[in-house]
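K.L.:
Sequence:
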Amino acid sequence: PWALGTVAELGFRTGRWQAARAAAAEGAELGRDLGQPLGRAFCLASLARVDAGRGDEDACRAHAAEAREVGARLGSEAPLLMLGEQALGLLGLSLGRPEEALAHLRPLGDVCRRRGLEEPGVVQYAPNLVEALLRSGPREEAEAELERLEAQAERAGRAWARAAAARCRGLMADGDAYERPLRRALAEPADMPFERARTELALGERLRRDRRRADARAHLAAALTAFEGLGAEPWAERARIELRASGETARRRSEPRSDALTPQELQVAIMVSEGATNKEAGARLFLSAKTIEAHLGRIYRKLGVRSRTELASLILREQVEAPAAG
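In the numbering used here, the protein residues as written are -16 to 309.
Hints may be right or wrong, so weigh each one.
Below 25 Å or equal to it, Euclidean Cα-Cα: the simulated BS3-like pairs (lysine-lysine) are [as the list claims (entries may be wrong)]:
{"#": "1", "residue 1": "K285", "residue 2": "K273"}
{"#": "2", "residue 1": "K262", "residue 2": "K285"}
{"#": "3", "residue 1": "K273", "residue 2": "K262"}
What follows is a list of derived Cβ distance ranges for each label pair [what the hints assert, rightly or not]:
{"#": "4", "residue 1": "R300", "residue 2": "D159", "range": "35 to 45 Å"}
{"#": "5", "residue 1": "R195", "residue 2": "R98", "range": "38 to 48 Å"}
{"#": "6", "residue 1": "A197", "residue 2": "G280", "range": "45 to 55 Å"}
{"#": "7", "residue 1": "R96", "residue 2": "K273", "range": "48 to 58 Å"}
{"#": "8", "residue 1": "Q247", "residue 2": "R300", "range": "13 to 23 Å"}
{"#": "9", "residue 1": "E52", "residue 2": "E257", "range": "30 to 40 Å"}
{"#": "10", "residue 1": "R267", "residue 2": "E137", "range": "36 to 46 Å"}
{"#": "11", "residue 1": "K273", "residue 2": "E82", "range": "47 to 57 Å"}
{"#": "12", "residue 1": "A228", "residue 2": "R96", "range": "35 to 45 Å"}
{"#": "13", "residue 1": "G230", "residue 2": "R56", "range": "47 to 57 Å"}
{"#": "14", "residue 1": "E123", "residue 2": "A160", "range": "10 to 20 Å"}
{"#": "15", "residue 1": "R267", "residue 2": "G230", "range": "48 to 58 Å"}
{"#": "16", "residue 1": "R96", "residue 2": "R192", "range": "26 to 36 Å"}
{"#": "17", "residue 1": "R98", "residue 2": "R284", "range": "47 to 57 Å"}
Honestly, the hints are just simulated from the structure, not real lab data.
Here a beta-carbon is modelled for each residue, glycine too, at the ideal position from N, C-alpha and C.
Given only the sequences and the hints, what does the whole structure look like? Please build it.
P.N.:
See the structure below:
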């Protein structure tokens, strides 16, 4: 479960959300079957984070609640056991509810500070906390949190942390002072497509409000392409609205066909598309080859494919169409 949770975390960060969802679901099941509640909680929190980015409120809340229960039973406030709060904070921002985001991100920030967790990339709550404060809370508190993030990013020397801090500085800037920090954020070599798309969206929004519509469109279109590739629908809709306001109409992209699969069906589909036999996939998932065969039958019907070759082609195509890192 711990290894699969780590794979899921990396998948979220590098823009492979379907693979992240499959790994986290597999790890959560293994954690339950092997009696490893901490590993299961880690994977459930990873699932909740993907749910949050996609705007799947019910699934996010259910996965985060179960992860939270593990921490409550163990009487622990370790940051790892509060990753579900990170997901719920992102959910609040995804759905345009910054006050809800604050209710989860403030306590998470307090725990990280009490536990001496100064590396901003381990629990990536700080930029979301700054944004939620800017949208609903006291500006003085947002400035204090941003200064803390900027100092941490400088000490850590991480590209993502520097990019996230620069984006927050751009969001906070008055007048036309936003452009320089937002472009600095885009120049950082941080291989995190969702984070980069959020910066593209922020820059596009401000340029559009400055009546620089032509300049805004390129950034808004880049954000929309990335969000749609990830399946981050609430964020994609924000980009579409801004594009329409800039004078350009964006067609809604069709949902990936693999979204129709359950998490376990997605696990099977990915394994088989990578060349695993029914027996090999079953061994990994602690299922019989006959159960894998039954899953494949349902997968074929849902996706409209008739062979392993067609399945592999579809899965590969949808992974390639997801936003590239960088």
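K.L.:
A separate judgement is required for each hint: does it hold in the structure or not?
P.N.:
Status of the hints after comparison with the structure:
1. K285 to K273: holds, 19 Å
2. K262 to K285: holds, 22 Å
3. K273 to K262: Within the cut-off at roughly 9 Å; holds.
4. R300 to D159: 35 to 45 Å: holds, 42 Å
5. R195 to R98: 38 to 48 Å: holds, 44 Å
6. A197 to G280: 45 to 55 Å: holds, 51 Å
7. R96 to K273: 48 to 58 Å: Holds: the Cβ-Cβ distance is about 52 Å, inside 48 to 58 Å.
8. Q247 to R300: 13 to 23 Å: holds, 22 Å
9. E52 to E257: 30 to 40 Å: holds, 34 Å
10. R267 to E137: 36 to 46 Å: Holds, at about 43 Å.
11. K273 to E82: 47 to 57 Å: About 50 Å separates the Cβ atoms of K273 and E82, which means 47 to 57 Å holds.
12. A228 to R96: 35 to 45 Å: holds, 39 Å
13. G230 to R56: 47 to 57 Å: Holds, at about 55 Å.
14. E123 to A160: 10 to 20 Å: holds, 18 Å
15. R267 to G230: 48 to 58 Å: holds, 51 Å
16. R96 to R192: 26 to 36 Å: holds, 35 Å
17. R98 to R284: 47 to 57 Å: Roughly 48 Å apart at Cβ, these two residues keep to the hinted range, so it holds.
Every hint, counting from the list given before, is met by this structure.
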